[in-house]
Amino acid sequence: MTAAVALLVALLAPLACAAGVVLIGRRSPNLREALSLLTGGVVFASVLRIARAVEAGESVALDLGEMAPGLRFAFDVEPLGLIFALVASLLWPVTTLYSVGYMRGHHERNQTRFFCFFAVSISAVLALAFSANLVTLFVCYEAITLATFPLVTHANDRAAWQGGRMYLGVLMGTSIGLLLFGVIGVYALAGTTEFTPGGVLAGPLAEGKVSVAGLGVLLALFVFGTGKAAVMPVHRWLPSAMVAPTPVSALLHAVAVVKAGVFTIVKVVVYVFGIELLQEIELRDVLAHVAGFTVVAASVIALRKDNLKERLAYSTIGQLSYIVLGGLVATQRSVEGAVLHIATHATGKITLFFGAGAILVASHKKNVSQLDGIGRRMPITMGCFLVGALSIVGLPPTGGTWSKLLLVEGAAGAGDRLLVAALLVSSLLNIAYLLSIPIRAFLRHETVPGAPAEHGEAPLACRIAMVITATLTIALFFSPHVVFDLVALMVPNLS
Amino acid sequence: MIEQHAIILVVVIPLLAAPLCVLLGRGALAWGAATAAVWSSFGLALYLLDRTLDEGVQRYMLGGWQAPVGIEYRLDVPGAFVMTLVTAIGAVVLPYSWTSVRKEIDDHRHHWFYACLLLCFAGLLGITVTGDAFNLFVFLEISSLSTYVLVSMGRDRRALTASFRYLLLGTLGATFYLIGIGFMYLMTGTLNMEDLAVRLAGPGPDGVTPVVDTTTIRAALAFLSVGVSIKMALFPLHVWLPNVYAYAPSVVSAFLSATATKVAILVLLRVFYTVDGKAIAFESLPLADTLVPLAIGGAVVASFVAIYQRDVKRLLAYSSIAQVGYMVVGIGLATQLGLAAGLLHLFNHALMKGALFLAIGCIVYRVGQTRFELLRGVGRQMPLTSAAIVIGGLSLVGVPLTAGFVSKWALLDAVLEDGRWVTASFILLSSLLSVVYVGQLVHVLLIRRRPKDAEPVREAPLWLVVPTLVLAAANLWFGVVDSTPSEISRTAAEALLQEMQQ
Numbered sequence: 001m002t003a004a005v006a007l008l009v010a011l012l013a014p015l016a017c018a019a020g021v022v023l024i025g026r027r028s029p030n031l032r033e034a035l036s037l038l039t040g041g042v043v044f045a046s047v048l049r050i051a052r053a054v055e056a057g058e059s060v061a062l063d064l065g066e067m068a069p070g071l072r073f074a075f076d077v078e079p080l081g082l083i084f085a086l087v088a089s090l091l092w093p094v095t096t097l098y099s100v101g102y103m104r105g106h107h108e109r110n111q112t113r114f115f116c117f118f119a120v121s122i123s124a125v126l127a128l129a130f131s132a133n134l135v136t137l138f139v140c141y142e143a144i145t146l147a148t149f150p151l152v153t154h155a156n157d158r159a160a161w162q163g164g165r166m167y168l169g170v171l172m173g174t175s176i177g178l179l180l181f182g183v184i185g186v187y188a189l190a191g192t193t194e195f196t197p198g199g200v201l202a203g204p205l206a207e208g209k210v211s212v213a214g215l216g217v218l219l220a221l222f223v224f225g226t227g228k229a230a231v232m233p234v235h236r237w238l239p240s241a242m243v244a245p246t247p248v249s250a251l252l253h254a255v256a257v258v259k260a261g262v263f264t265i266v267k268v269v270v271y272v273f274g275i276e277l278l279q280e281i282e283l284r285d286v287l288a289h290v291a292g293f294t295v296v297a298a299s300v301i302a303l304r305k306d307n308l309k310e311r312l313a314y315s316t317i318g319q320l321s322y323i324v325l326g327g328l329v330a331t332q333r334s335v336e337g338a339v340l341h342i343a344t345h346a347t348g349k350i351t352l353f354f355g356a357g358a359i360l361v362a363s364h365k366k367n368v369s370q371l372d373g374i375g376r377r378m379p380i381t382m383g384c385f386l387v388g389a390l391s392i393v394g395l396p397p398t399g400g401t402w403s404k405l406l407l408v409e410g411a412a413g414a415g416d417r418l419l420v421a422a423l424l425v426s427s428l429l430n431i432a433y434l435l436s437i438p439i440r441a442f443l444r445h446e447t448v449p450g451a452p453a454e455h456g457e458a459p460l461a462c463r464i465a466m467v468i469t470a471t472l473t474i475a476l477f478f479s480p481h482v483v484f485d486l487v488a489l490m491v492p493n494l495s
Numbered sequence: 496m497i498e499q500h501a502i503i504l505v506v507v508i509p510l511l512a513a514p515l516c517v518l519l520g521r522g523a524l525a526w527g528a529a530t531a532a533v534w535s536s537f538g539l540a541l542y543l544l545d546r547t548l549d550e551g552v553q554r555y556m557l558g559g560w561q562a563p564v565g566i567e568y569r570l571d572v573p574g575a576f577v578m579t580l581v582t583a584i585g586a587v588v589l590p591y592s593w594t595s596v597r598k599e600i601d602d603h604r605h606h607w608f609y610a611c612l613l614l615c616f617a618g619l620l621g622i623t624v625t626g627d628a629f630n631l632f633v634f635l636e637i638s639s640l641s642t643y644v645l646v647s648m649g650r651d652r653r654a655l656t657a658s659f660r661y662l663l664l665g666t667l668g669a670t671f672y673l674i675g676i677g678f679m680y681l682m683t684g685t686l687n688m689e690d691l692a693v694r695l696a697g698p699g700p701d702g703v704t705p706v707v708d709t710t711t712i713r714a715a716l717a718f719l720s721v722g723v724s725i726k727m728a729l730f731p732l733h734v735w736l737p738n739v740y741a742y743a744p745s746v747v748s749a750f751l752s753a754t755a756t757k758v759a760i761l762v763l764l765r766v767f768y769t770v771d772g773k774a775i776a777f778e779s780l781p782l783a784d785t786l787v788p789l790a791i792g793g794a795v796v797a798s799f800v801a802i803y804q805r806d807v808k809r810l811l812a813y814s815s816i817a818q819v820g821y822m823v824v825g826i827g828l829a830t831q832l833g834l835a836a837g838l839l840h841l842f843n844h845a846l847m848k849g850a851l852f853l854a855i856g857c858i859v860y861r862v863g864q865t866r867f868e869l870l871r872g873v874g875r876q877m878p879l880t881s882a883a884i885v886i887g888g889l890s891l892v893g894v895p896l897t898a899g900f901v902s903k904w905a906l907l908d909a910v911l912e913d914g915r916w917v918t919a920s921f922i923l924l925s926s927l928l929s930v931v932y933v934g935q936l937v938h939v940l941l942i943r944r945r946p947k948d949a950e951p952v953r954e955a956p957l958w959l960v961v962p963t964l965v966l967a968a969a970n971l972w973f974g975v976v977d978s979t980p981s982e983i984s985r986t987a988a989e990a991l992l993q994e995m996q997q
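In order, the protein sequence lines correspond to chains H and D. Be aware that the first sequence starts at 1, since it is given in my numbering, and climbs by one per residue. Be aware that the second sequence starts at 496, since it is given in my numbering, and climbs by one per residue.
Simulated from the structure, these hints should not be mistaken for lab results. Treat the hints with care, since some could be wrong.
To be verified - To give a feel for the contact side, a few chain D residues facing chain H, derived at Cβ under 8 Å:
| no. | residue |
| --- | --- |
| 1 | 892 |
| 2 | 893 |
| 3 | 896 |
| 4 | 908 |
| 5 | 911 |
| 6 | 919 |
| 7 | 923 |
| 8 | 926 |
| 9 | 927 |
| 10 | 946 |
| 11 | 965 |
| 12 | 979 |
| 13 | 981 |
Backbone N, C-alpha and C define an ideal beta-carbon position, used for all residues, glycine too.
Work out the full structure, taking the sequences as your base and the hints as a guide.
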């Protein structure tokens, strides 16, 4: 399989899988889920094949032609997108495995629709990761929003539709109102939207087509237009999206969709503005501080949330802004940290969501305050949860350690003490709202209001998936070079 | 023979088929004749478009009299583009009308309906081909008069007042146009558009100032622009449109929304580019600075009003007014990119609004009503129709992978190329408002539950659903696969600007 073919397979296999899922339908759920798992494996293998080619210095690209001047649809793999694609495609089959246990254990309806749109979403995410220009990226960005909408409203009750409305309203509103403006602005200024190492906007600035302040406004359009990155004040959709089934929250709203957001921002910083140009933009400081504020504020809100999934959602908002902040600080160190955090936060947070879902399936408990002593009934679940929590806080032996370290170093290197303080305060808050959960679960005694429902561990499929992601989280501590090697490939593109 | 006379045949076939429909009398026969006429026009239009793209402007001297004495038919790329659009929409709408008209219009009026539809069709096509300013007025009146009749055939009695109001304003518009042409004739003694362009640039009565700088011609231009603006429902001259679209029969709403305003925009192009050859309109008159703000204001205000509509057809009508604003923004910029974007949006908007109005027609066929409170949850029982509405709605918003995105991109690109960042942000504001009203439409049809006591509905018959889906699919086809309209619109813009420089 050549790398170009692998690229096609990675983009089309999930779509074929979606069609297959619909065809098989309810007749044979086992076959249907087997198809999803198999496709997940194939897609991951394809992305690995692409990774090998990129490491060997080959260029892997695909051009689909031009619709109107500037509207060129094309894919071109580079290290940053590759890291994102690897994370998403690796965690997809794991989540599928988890979903099998969750959806059946929870007796969810319309499972065919669920697996179908899940596959479509993954295809859109991979297409976004491999986009060669802003236009393709924007198209995929919108496709992700539309493909995940049926997953958010899966429960089909009033709460689900309300959440769905917020989801669609914020994501569509910001992307059409601001992001599209930014994309077209870049095209109008630079005459191209291709991702170019070193950026495309230095030329127009030198020619006097745009002022530094104008570029600052453009940057703001990208930061707030990318609603998926959930920088305050465009973060409200993420807690609303928690009405979705837990596997959706786990893969899409902790990994694929939100990472698509921060990925977009980092990509724009590195390949449209270029980090050298970014250093000159004064408004960048303001935006970085907005991200810093989001980091702290989201942690404070998370502290006050009793609903476990909502707490995790606010935690995600905070962690996403770490990445945005890393991109906006725009030193080599901080960008590396941001990219690494895409991977380490993904494994950590998906483990936490898996844990939340497992608790829901096994015990039907949704709130943190109900979890006293649950660790004895569900030792594997809570053990994995502990690992995930450690990674989010940034403690050894988990991958989060390295990315947080790099981010703090980056912020310190840029000489911004306020941001360093924000990152450190947030880490302390993380300890308070995340580590308190396993501590309750293991150390406190079960309080018994009425008769406790007897329950044991979550379904086997869920447990396997959790152990895999927890293992990955720890593995990233011991061998972060897996990601670092790819980050190193990106470094020449930074300057 | 056909090759030679294709230009005139496009218009003459439907024009002759109209009285034939009346003579045939029975609804089915009339429908057959109308369909045959429209489809043959469509075939000829495609052939002519191809030829115009290959060979440039096609000319035809009526009765063999040479221009400027005789009436000249002159088909350039923009004309052929709009002609293809009009005939294509006609070709989709007629099969649809077979079922829809039998439901919505009394039996004994069917042949009159088809006769008027054909007259309207012929009138619109005539406007696209004629090279004579007065002949254009004649066709404008043919299409307008038949439109008044068509609108008045709506089942709702308010259709009559809507039609009457349209008649008053439409006549005003046509009269203004006629006055404008009269002034021009007075000053130049010619009605041929190309000849007008030459003579307007020539020396005036005092032998020094060019004709074009005289007060008479300026007054003429004022009359022309206001007259045409009424016909294309440019804000704030749009008052006739919502009721017309809301109360006309479904077929008529779909056909008019996709063609009539589009052809009026072509007339605007003729006035500003073909007749007023040397760009006088844009250089010596502050037209770009009045048209663009009005258009963009209209786009925002009409979108805002659309949000508050509680009737689907009125909602779509206000959205049409907003979309006309987009097209006029492109034209008002008077740059090549702007013109191309305006023309492309003209084409794409016909696709999306056509699909939406046809889909609403499907709902009307089953439910008989267009008010929101009676449509709750209807979409769930009509999956194919809902699919068309969702696709059309997404295209209207300008979501990627739909035709609407391509033209909105082109328009924003053109606006920013001209350095108008404020205009661009207003366009995006209007898009955001369209997210809201399309969202409301989808919310009512698909998300709300059907009241328990409401009668169950079924999917509309295939005769209605298939044409609807064809137009909806065209939105995706021209958004993802085929970039021909975008290329043709660029060629057309080039042709118009060349005319200006000659």
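Results for each hint:
At its closest, the beta carbon of residue 892 of chain D sits 7 Å from a beta carbon of chain H; the interface hint therefore holds under the 8 Å criterion. Nearest Cβ of chain H to the Cβ of residue 893 of chain D: about 7 Å, under the 8 Å cut. The hint holds. Given hint, residue 896 of chain D at the interface with chain H, holds; its Cβ is 6 Å from that chain's nearest Cβ, closer than 8 Å. Checking residue 908 of chain D against chain H: minimum C-beta separation of about 6 Å stays under 8 Å; hint holds.
At about 3 Å, the closest approach between the beta carbon of residue 911 of chain D and any beta carbon in chain H falls short of 8 Å, and the interface hint on this residue holds. Satisfaction of the interface hint for residue 919 of chain D is found here, the shortest Cβ-Cβ separation to chain H being roughly 7 Å, below the 8 Å cut-off. Interface hint status for residue 923 of chain D: upheld, as the beta-carbon distance to the closest one in chain H is roughly 5 Å, under 8 Å. Interface hint status for residue 926 of chain D: upheld, as the beta-carbon distance to the closest one in chain H is roughly 5 Å, under 8 Å.
Annotation: residue 927 of chain D was flagged as interfacial toward chain H, and the flag holds, the nearest CB pair being 5 Å apart, inside 8 Å. A least Cβ separation of about 16 Å between residue 946 of chain D and chain H goes past the 8 Å threshold, and the interface hint is therefore violated. Interface restraint check: residue 965 of chain D against chain H, minimum CB-CB distance 21 Å, threshold 8 Å, status violated. At its closest, the beta carbon of residue 979 of chain D sits 10 Å from a beta carbon of chain H; the interface hint therefore is violated under the 8 Å criterion.
At its closest, the beta carbon of residue 981 of chain D sits 4 Å from a beta carbon of chain H; the interface hint therefore holds under the 8 Å criterion.
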